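Let the sequences and hints guide you as you build the complete structure.
If you're matching them up, the sequences are chains A and B in order.
Residue numbers are given in our numbering: position 197 of the first sequence equals residue 197, and the series is strictly consecutive.
Residue numbers are given in our numbering: position 180 of the second sequence equals residue 481, and the series is strictly consecutive.
Accuracy of the hints is not assured; some may be wrong.
Taking lysine-lysine and the DSSO-like style, the derived pairs with C-alpha atoms no more than 27 Å apart in a straight line are [to be verified]:
{"hint": "1", "chain 1": "B", "residue 1": "K501", "chain 2": "B", "residue 2": "K409"}
{"hint": "2", "chain 1": "B", "residue 1": "K476", "chain 2": "A", "residue 2": "K31"}
{"hint": "3", "chain 1": "B", "residue 1": "K308", "chain 2": "B", "residue 2": "K406"}
{"hint": "4", "chain 1": "A", "residue 1": "K31", "chain 2": "B", "residue 2": "K475"}
{"hint": "5", "chain 1": "B", "residue 1": "K501", "chain 2": "B", "residue 2": "K406"}
{"hint": "6", "chain 1": "B", "residue 1": "K445", "chain 2": "B", "residue 2": "K406"}
Some but not every residue of chain B turned toward chain A, in silico, with C-beta under 10 Å [unchecked claim]:
{"hint": "7", "residue": "L306"}
{"hint": "8", "residue": "M336"}
{"hint": "9", "residue": "P337"}
{"hint": "10", "residue": "N349"}
{"hint": "11", "residue": "W350"}
{"hint": "12", "residue": "S353"}
{"hint": "13", "residue": "Q354"}
{"hint": "14", "residue": "W357"}
{"hint": "15", "residue": "T375"}
{"hint": "16", "residue": "Y383"}
{"hint": "17", "residue": "P389"}
{"hint": "18", "residue": "M418"}
{"hint": "19", "residue": "P421"}
Negatives, chain B to chain A, calculated, CB over 10 Å [stated by the list, open to error]:
{"hint": "20", "residue": "M302"}
{"hint": "21", "residue": "D315"}
{"hint": "22", "residue": "K342"}
{"hint": "23", "residue": "N433"}
{"hint": "24", "residue": "G459"}
{"hint": "25", "residue": "K497"}
Derived by calculation from the structure, the hints in this document are not laboratory data.
These numbers were taken from a predicted model, which means no experiment stands behind them.
Glycine included, C-beta positions come from ideal geometry on N, C-alpha and C.
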Amino acid sequence: MDFDWMKIPYSLLTLFIVVNYGMILNAFIQKIGARVGRRHGIPIWQNYADLIKNYSIRSSITHGVMFYLGPVFRLSGGVGLLLFVPTIYGSYMFSNMSFAGDLILALYFVFFGTLGMALGAAESGHPHAAIGITRGLSQVTAAELPFALAVFAVALQYQTLSVTDIVAAQQGSFLNWTLFTNPLAVTAAMLSFLGSMMRPPFDVVLAPQEIPIGPPTEYHSSYLALMQTNRAIFPIAKIVIYMNLFFGGAASWPVFFLKVFCIYMISVLVGVVFPRFRVEQSIRWFLIWAVPVGILAVVLV
Amino acid sequence: MKPELEKRIVRTPDGQEFEVDPLRDYYCEAAPTVMPAAYGKIVEDLFNWARSQSLWILGFGTGCGAIEMRPLMTPRFDAYRYGVQWRPTPRQANLFIISGYLSTKTLKRAIRSYEQMQNPKYVVGLGSCTINGGMYWDSYNTIKCLDQYLPVDLYITGCMPRPEALLQGFEDLKKLIRAGKCEGANKYSENFDWYKANQKQVIHDWDMPDYNW
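Encoded structure:
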């Protein structure tokens with residue numbers, strides 16, 4: 001099998017663009033949330049300062065091998081998700097490592113980081129971390145169910161497991177988007193999307209600045225910086241999947257930036273309006289409202 | 302010594318028995334070491350800039366001054382726009398604000414929290430009580446002079462200082478950090494014995510290792 005070596009620098013370029021876009025977008029989204037609360041919010045470059053500071057902390061302690069590997073798994077989950085899916089449709093430079101069965105791999109990568117994080121945080125031995133993992137895994141599992149069902153529906157609809165083919169089938173007019181050809185699947189997936197973006201009402205797992213901060217309680221300095229890097233990549237990578245599956249993909253970077261921003265804003269709009277759910281409430285919500293829609297989507301396809 | 306800190310035999314649910322020595326197994330006793338700035342001037346300047354722009358305060362209110370920190374998170378004062386955030390865990394925080402009087406009982410917890418923070422870390426004394434005891438100058442159970450127990454980088458005077466004074470204090474602290482003058486953690490490691498002696502003088506029920514990070 002011949003491997004196209006040029007793919008590697010091109011993938012790194014994609015990664016570079018996405019990391020920077022993710023850092024700025026995250027700060028921008030936080031600013032929007034702050035404006036809703038009548039605050040000014042963080043400066044737009046705050047995430048860079050936080051990241052450099054965390055990398056520059058001189059001392060760090062470890063709790064064992066898995067404690068090291070937790071953030072690494074988390075980051076590789078985000079990077080893997082991004083690199084095995086075509087970022088820009090039809091572009092040789094930015095189609096990355098996508099291949100025929102990448103939809104299944106993407107589904108796996110969505111969960112991979114969470115699992116790695118769970119193992120790492122468990123090794124830290126902190127009770128808050130253990131509670132955070134229990135909450136996080138239950139909520140993520142419940143939120144993934146409707147998404148998995150929606151993905152099955154879409155795969156059945158287009159009779160393929162390749163993200164590139166799915167995007168290709170949606171080209172032409174925006175009426176060809178899955179959003180219009182299979183609205184039930186998109187509804188189920190978007191409800192699941194709310195649960196996985198770590199925005200209210202589903203952010204009790206990683207509630208920042210509260211006593212039960214969740215899995216990363218013991219993480220600090222470079223470990224935390226790795227996880228922050230992932231926080232810039234993962235939401236974008238996840239939105240790229242949604243964009244490709246349901247919203248017709250993107251054929252150029254400006255379209256990509258616009259679509260990613262709009263899809264992100266859905267979770268932000270919901271987040272600033274609704275208060276937090278407790279974990280058992282959110283699981284019940286997913287099972288009652290999102291999963292039946294997903295099942296219906298699979299049945300009707 | 303508290304009973305839960307004594308050596309004991311623990312039996313697991315499946316019948317194994319093993320010995321637990323909490324002071325050894327749950328804490329690290331190694332003393333802190335001095336960690337000087339390791340990189341060249343340009344890199345360190347960048348790092349100092351990032352450190353000054355990203356102050357993560359440990360969410361630990363010790364005295365009445367803690368009430369002055371809350372308005373900083375709200376729309377009226379909004380400290381987030383200055384790069385100031387609150388973190389719930391000492392591992393991630395790099396700024397410890399001793400907010401007001403510090404009773405000897407709280408001092409013990411403050412020391413433990415401070416030692417769990419990572420180098421470089423900063424301490425700000427808020428209010429007169431941290432400087433000379435303030436209105437608690439003759440109290441039997443509060444400490445009078447904070448910098449005998451923890452290395453203080455900056456004091457904010459007043460009883461109580463208003464949130465605006467705190468914001469001004471953050472700005473002054475940023476200047477100190479950018480100038481590379483905030484090396485409290487290294488000062489603490491250098492004069493470790495002196496700090497420990499002072500701490501043990503006021504904390505009579507010392508039931509933890511000398512250094513617990």
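Hint validity - B:P337 Cβ closer than 10 Å to any chain A Cβ = OK, holds: B:P337 within 10 Å of chain A, min 9 Å.
Holds or violated: B:K445 with B:K406, Cα cutoff 27 Å?
-> Judged against 27 Å, a Cα distance of about 14 Å means the pair holds.
Would you check whether B:Q354 satisfies its interface hint, that is, whether its CB is within less than 10 Å of any CB in chain A?
-> With a minimum Cβ separation of about 4 Å from chain A (threshold 10 Å), the hint on B:Q354 holds.
Going by Cβ atoms only, is B:T375 closer than 10 Å to chain A?
-> Holds, because the Cβ-Cβ distance from B:T375 to chain A comes to roughly 8 Å (cut-off 10 Å).
May I ask you to test the interface hint for B:Y383 with respect to chain A, counting a Cβ-Cβ separation under 10 Å as satisfied?
-> 8 Å, holds
Non-interface claim for B:G459 versus chain A (Cβ beyond 10 Å) | 25 Å, holds
Double-check B:L306 for me: the hint is only fine if its C-beta lies closer than 10 Å to a C-beta in chain A.
-> At about 17 Å, which exceeds the 10 Å cut-off, the nearest Cβ of chain A leaves the hint on B:L306 violated.
Against chain A, does B:D315 hold up as non-interface, every C-beta pair farther apart than 10 Å?
-> Holds: least Cβ distance 19 Å, greater than 10 Å.
Restraint check, 10 Å cut-off on beta carbons, for B:W350 near chain A | Holds, about 8 Å.
Interface-negative label, B:K497 against chain A, beta-carbon threshold 10 Å | Holds: least Cβ distance 19 Å, greater than 10 Å.
Hold the hint about B:P389 up to the distance rule: shortest CB distance to chain A must be less than 10 Å.
-> 5 Å, holds
Chain A contact restraint on B:N349 - CB to CB distance below 10 Å = Holds. Min distance 8 Å.
The structure fails to meet hint 7 from the earlier list, while all remaining hints are met.
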